[in-house]
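**Q** Chains as they are written, first to last, in the working numbering: chain A, 1 to 318; chain B, 1 to 439.
FYI, nobody ran anything at the bench for these hints, they're computed from the structure. By construction, the Cβ of each residue, glycine as well, lies at the ideal position given by its N, Cα and C atoms. Hints may contain errors.
[What the hints assert, rightly or not] Residues from chain A that keep clear of chain B, each with C-beta distances beyond 12 Å, as calculated: (1) Y61; (2) W86; (3) G98; (4) L107; (5) M152; (6) V169; (7) A218.
[Said to hold, decoys possible] What follows is a set of in silico ranges between Cβ atoms, one per label pair, in the way DEER data are often shown: (8) D242(B) to G67(A): 32 to 38 Å; (9) R427(B) to R70(A): 25 to 31 Å; (10) G91(A) to K86(B): 58 to 64 Å; (11) L95(A) to Q244(B): 36 to 42 Å; (12) P37(A) to L276(B): 40 to 46 Å; (13) D246(A) to A52(B): 47 to 53 Å; (14) N297(B) to A88(A): 40 to 46 Å; (15) R152(B) to S160(A): 53 to 59 Å; (16) G75(B) to R70(A): 54 to 60 Å; (17) S299(A) to A51(B): 47 to 53 Å.
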Amino acid sequence: MALKTLLPGRSPSVAPARPVSGRDRAERKLAFRMTAPSLVIMALVAAVPIGYAIWLSLNQYSVRTAGLSRFVGLDNYVAALTSNEWWAAFGQTFLFAGLSVSLELILGTAMALLLNLAFKGRAVLRTVVLLPYAIITVVSAITWQTMFQPNMGLVTNVLSTLGLPGGDVVWLGEHGYAMAVIVMADVWKTTPFAALIILAGLQVISAETYEAAELDGASKWQTFVNITLPLLRPAIVLAAIFRTMDALRVFDLPFVLTRGANGTESMSMLAYTQLRENRLVGEGSALSILTFLTVMVVSVIYVRFAGGNIRDVAKEEQ
Amino acid sequence: MDLNRPALPLQTRAAPPRNRKALASAAIAAAALVLSACGGGAAPQGAEQAAAADPASGANASGAVNICGVKDASGIYKGTAEAFTKANGKVTAKYTEIGATTDEARTQIVQRLEGKSTECDLFVTDVIWTSEFASQGWLLDQTKLVEANKDRLIPSTVETTKYQDKYWGSPFFTNAGLIYYQKDKVAKPESWQQLYAEAAKAPGNGYVYQGKQYEGLTVNFLEMLYSAGGEVLNEQGDVTVDSQETRDVLNFMSDGLKNGSADRAVLTYNEDPARLAYESGDFGYQRNWPHVYRLLNATPLASSFGVAPLPAWEGGKASGVLGGWNLAISAHSTNQAGAVAFIDFATTPDWQKHVAMDYSQAPVNEAAYSDAAVLEKMPFATELLASVKGAKPRPISPVYPQISQAIYKNVYAVLSGTASTEEAVQRMAEEITAAKASF
């Protein structure tokens, strides 16, 4: 699919209204020849591995006898789609993505608005807020694990000292609580990333728009709802796309924090277990392809939605 | 870019129409080349066709030997390689770290073996990898070598290298669970029932173990199951886990969490958090590995803790699960004689003493445990030997990872309260049966 849209002369913007002349054809051929080397490279680095993974997912490779394999068609997919594990992981991954991405967007917008204000030390603060994002996920996961450790973790200790609920909870050992910790760890780490994208969106909104609103007597809240938010939408949607695609592939947080226990196993973890731990190459590849398709469908929906949005905004601006 | 603008003179020299086709077929050919390179396409080749190591070859060995394995935290691998090089004179050995954790090392080893790499002559392998690697035809058959060295090796440790009646590695050092207990608060554990009863008596007496959903939970569960007389697979390899013993042990463990014998926090503990919790002084018993001894000695608990072998099940006998590391010779090694010479050196009674004295690991030679110099460095050697000798290997199967998952996921479900014992036992048996039927 990706290749098709890349082929020159197929894009709707260059679809000619008049009959194709010999000159056009020659020109297209040249364009094709000039892009061919990069197309071949793209095919090699992107299409070939994906194609190979699809091929693997249609086979079974023996874990008992070396070198033995058999073609099973869609059996691996049928097995995955009829298993409880896949649907549990599917639901859990979407729950995680939904919760963490919404929180990240809300907090990220708030953070971007703050960082956009003119104050002393703004440059320093902009760098500092990025720190969580610079920490390797596995390292931050271990930190969160330590903080929520029963009896001696920072969070559990503070909660029980203050007499608040949650102090005597084994956070990573209970359904719901375990997911909450994973969502918190993700929000802490990636909100700065969302904030940065949204901040970039904020900075392209011209000061004149705000001046006009002020002259018309709009309140701060009206300005925010009617000017800032609509104009910020493309940036927010962009942040949402990046974050959702990342969140749907979540692996390191549940892997370190719970090993998938207590309703936190993600689609990627399931594929990893089959591929790496069990060496079930066919079954694991099918799970990877299913994860890939899920992420792709979600991002296509997003891009459609965002595309319309960006066009609307462009029209309004004209 | 506007493609409809007037063409430049350069472009009027139209390319012949077959060019596009030629390009496409070139791309397909390139893709096919990559695909076939990845495929390998070797004929089936398993344990049956494996070559055997010659025990006599070690004497005339020369050249270099490369030993590969996990990060050398205790220094034992590099230390042994150096000592061997010095003692041998003809063969030089070096140790290459190919993974920071056990899981990573396994991935790296599997990649090298699948790719028929000649980089490593010897692999340091976890005891649970033996059957998987052997079944793939990746290792040299060490039966003759092990038979020749058998009188100096503890039998239970040799069993961990066995698959289909042959030996695929030589034990290097072993590992077995121990109970650490607070002598000032609780009694020495004689049986699991007594330990749990004692642990429930007072809030500070509790028992900590490894109850997170991972391999460690399989080990903790099997230690009790074996002592209760249960098993996962029988001698013939049939699934026998659906038994009264399995139900008894699961009920016992989950009751222990409910009545306060064990803190619910164990559901999140692997080795280190369990040790840290115990070091806080709020607990009476801890199940952990021998390396914890040295660490506990550096805490305020140094004078008050004791070490005991794993207890017996009431009415049963004491048992346990063997850990530890074996030396396996790669089927693609270019210096098999050198590898044999290294194994000969590493398993000598004399070097096995150093394994304990210099690196605090459990020797595979029985005499080392009663050596005066060893006992001075490792005062719990007698208890450790009892644990090692009573311990059994984990289920032996090329699909062991799947079997272990079936165990720890279902045990965890019972402990965390999301499944009843009955459901869990049935599911465990079903999943192990399905795993064993893997293609």
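**Q** I'd like to know which numbered hints this structure contradicts. Please list them from smallest to largest.
**A** Hints 1, 5, 6, 12, 16 are the ones this structure does not satisfy, whereas the remaining hints hold.
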